[in-house]
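So the sequence lines, in the order shown, correspond to chains L and H.
Its first residue numbered 16, the first sequence is counted upward by one per residue in this note's numbering.
Its first residue numbered 24, the second sequence is counted upward by one per residue in this note's numbering.
Simulated from the structure, these hints should not be mistaken for lab results.
The structure presented is a predicted model; accordingly, all values stated were derived computationally and were not measured.
Check before you lean on any hint, since a few could be wrong.
To be verified - Below, computed lysine-lysine pairings styled on DSS-like, alpha-carbon distance capped at 25 Å:
#1 L:Lys56 <-> H:Lys175
#2 H:Lys170 <-> L:Lys56
#3 H:Lys185 <-> H:Lys175
#4 H:Lys145 <-> L:Lys29
#5 L:Lys56 <-> H:Lys185
#6 H:Lys185 <-> H:Lys170
#7 H:Lys147 <-> L:Lys29
What the hints assert, rightly or not - Just the calculated beta-carbon pair ranges, DEER-fashion:
#8 L:Pro77 <-> H:Trp328: 47 to 55 Å
#9 L:Phe38 <-> H:Lys175: 31 to 39 Å
#10 L:Pro77 <-> H:Phe183: 37 to 45 Å
#11 H:Ile92 <-> L:Ile30: 56 to 64 Å
#12 H:Gln253 <-> L:Phe70: 51 to 59 Å
#13 H:His52 <-> L:Met144: 49 to 57 Å
In this text, a Cβ means the ideal position worked out from N, Cα and C, and glycines have one as well.
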Amino acid sequence: MRSEKSNRAPLSLKIAAAAGLAFMHLPILLIFLYAFTTEEKSYQFPPPGLTTQWFGVAWDRPDVWAALALSVKVASIATATAVVLGTLCAAAVSQTRFFGRETISLLVILPIALPGIITGIALRSAFSMADIPFSFWTIVLGHATFCIVVVYNNAVARFRRISGSLIEASMDLGADGFQTFRYVILPNIGTALLAGGMLAFALSFDEVIVTTFTAGQQSTLPIWMLEELIRPRQRPVTNVVAMIVVVVTFLPILGAYYLTRDGDQIAGVGK
Amino acid sequence: MTIVAESIILPERRGSAGRLSDFFWRHPHVLLAALLGPPLLWLGIVYLGSLFALLLQSFFSIDDFSGLINYEFTLATYRQLLSETNLDIIIRTVTMATVVTLVSALIAFPIAYYAARYARGKWKVLFYLGVMLPLWSSYLVKIYAWKLILAKEGIFTWFFEKLNLLWLLDAWLVLPVVGGNSLSVSYTGTFIVFVYVWMPFMILPIQAALERVPLNLIEASSDLGGTPAQTFRYVLFPLALPGIVAGSIFTFSLTLGDYIIPQIIGSSRLFIGQAVYAQQGTAGNIPLAAAFTVVPIVIMGLYLWMAKRMGAFDAL
């Protein structure tokens with residue numbers, strides 16, 4: 016009797032939890048509605064009519080495509096860099112004991128623990144001091160720096176689950192270090208790296224604060240959106256782009272979740 | 024005898040990869056250095072290097088006439104930081120971050136508690152994704168959604184009109200500090216968007232802390248005559264506190280440094296992030312901008328130190 020009762024949530028808790036979830040989701044759903052509105056000049060609600068014409072208009076916009084292409088390129092290279100650096104760091108921290116291990120975890124987390132504006136302005140003033148002109152590579156440099164941590168977190172969690180005896184067995188059977196990595200370690204950490212990479216991609220694809228400081232004249236998709244937010248010129252196109260961004264970022268998150276859901280540490284729990 | 028010895032000690036491997044592998048096995052420190060070298064060099068040079076360079080600049084000052092940076096050690100910039108207008112900015116930002124953190128905890132707690140205690144199977148997955156998708160969806164799109172909602176012609180006004188409560192909205196907007204011409208240019212608007220954008224960061228740490236609370240502790244409390252409110256006050260809340268503090272690290276730090284939300288939805292009075300942005304951009308006063316960034320670094324340093332003492336890092 017007693018345990019049955021305590022397994023049912025009180026109504027007030029149910030309402031509070033449902034209201035909280037609704038608060039988190041309704042604004043995002045509204046983005047989907049506004050992508051179809053016929054109203055061009057204001058954010059009028061309810062929309063006077065619905066249309067799909069803005070998808071065609073957005074499709075024909077070269078500036079949107081250019082921004083999207085730049086974002087994808089930056090995110091791909093930053094993710095690749097972060098996967099290599101994050102995995103190396105995770106391997107060192109989880110497989111060996113050495114002086115200063117804790118400090119290294121702190122150092123990796125610092126770029127996202129401190130407000131993004133600090134990372135951004137620090138990089139910007141360093142670039143100007145070293146006379147490095149802003150380019151595609153300065154954006155990548157900034158993004159890779161804060162993407163390392165998501166790969167690192169995922170890889171560390173997975174490394175902890177690989178038992179040392181597997182690696183020793185491989186060595187005992189005559190495999191060298193590289194063979195052990197290729198045939199024993201990599202298959203075990205593969206999905207964690209993929210999940211970490213997807214999250215890093217999503218993080219970079221969406222980043223705006225650091226990017227405003229490290230990009231010159233180029234605009235990534237978030238920078239394009241930011242300009243539209245400050246000086247709205249193309250409301251219908253912005254609505255469509257916003258909806259597409261929501262859909263595009265959901266995919267890697269769902270992917271990362273399904274790759275790591277059986278583990279003790281699910282990817283994406285900390286951003 | 025010799026045959027056994029030979030088969031125990033294998034001959035050296037051939038080829039450069041094999042030899043390298045043997046070398047790493049004999050010298051684990053070299054392997055460690057090879058693993059740690061690239062990430063440490065990257066973070067050390069790119070990140071810490073620029074961070075220190077920035078902090079160093081806060082000890083320089085700007086020449087009022089030429090507008091050039093005067094590379095001599097001085098505390099004048101910090102004196103400038105403590106002027107009345109700048110102190111106002113700091114107090115305003117810290118107050119906002121505190122209120123945002125408290126309200127976020129209030130909204131996040133029921134979601135986290137339900138997910139930790141009652142959600143099972145399919146519902147558990149649904150809760151996870153329900154928290155993670157808003158957490159990871161685009162920051163700018165979230166702000167944009169609220170621009171749509173809070174606009175004068177937007178859904179919020181429409182909703183109040185339908186309920187015949189427009190007078191309430193208007194009464195709120197004429198209030199001195201929290202009001203404004205419309206919600207999208209008031210502190211209330213800034214506050215709502217801050218809570219919306221950073222609150223999801225609070226849920227998962229609280230849920231992690233609550234999942235570790237043994238059910239029989241709660242049953243014991245009610246068996247001993249504790250009302251639900253007492254159980255919450257004396258059992259559940261103290262055990263959840265490390266999780267709340269862990270989550271508050273994110274909500275507090277992220278609110279402290281944000282400059283885009285108050286710029287898009289807010290009044291013209293500045294927050295720390297906007298002050299940094301304005302100083303380094305239009306004003307070209309890098310030393311003062313650098314001194315301003317020291318404020319969140321110091322506050323977060325103190326905050327992290329306190330959080331660590333409360334055991335918040337175990338809940339992360």
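Right, here's what the structure says about each hint:
| no. | hint | verdict |
| --- | --- | --- |
| 1 | L:Lys56 <-> H:Lys175 | 13 Å, holds |
| 2 | H:Lys170 <-> L:Lys56 | 14 Å, holds |
| 3 | H:Lys185 <-> H:Lys175 | 15 Å, holds |
| 4 | H:Lys145 <-> L:Lys29 | 16 Å, holds |
| 5 | L:Lys56 <-> H:Lys185 | 23 Å, holds |
| 6 | H:Lys185 <-> H:Lys170 | 20 Å, holds |
| 7 | H:Lys147 <-> L:Lys29 | 14 Å, holds |
| 8 | L:Pro77 <-> H:Trp328: 47 to 55 Å | 51 Å, holds |
| 9 | L:Phe38 <-> H:Lys175: 31 to 39 Å | 22 Å, violated |
| 10 | L:Pro77 <-> H:Phe183: 37 to 45 Å | 41 Å, holds |
| 11 | H:Ile92 <-> L:Ile30: 56 to 64 Å | 57 Å, holds |
| 12 | H:Gln253 <-> L:Phe70: 51 to 59 Å | 57 Å, holds |
| 13 | H:His52 <-> L:Met144: 49 to 57 Å | 35 Å, violated |
Hint check: violations occur at hints 9, 13; the rest are consistent with the structure.
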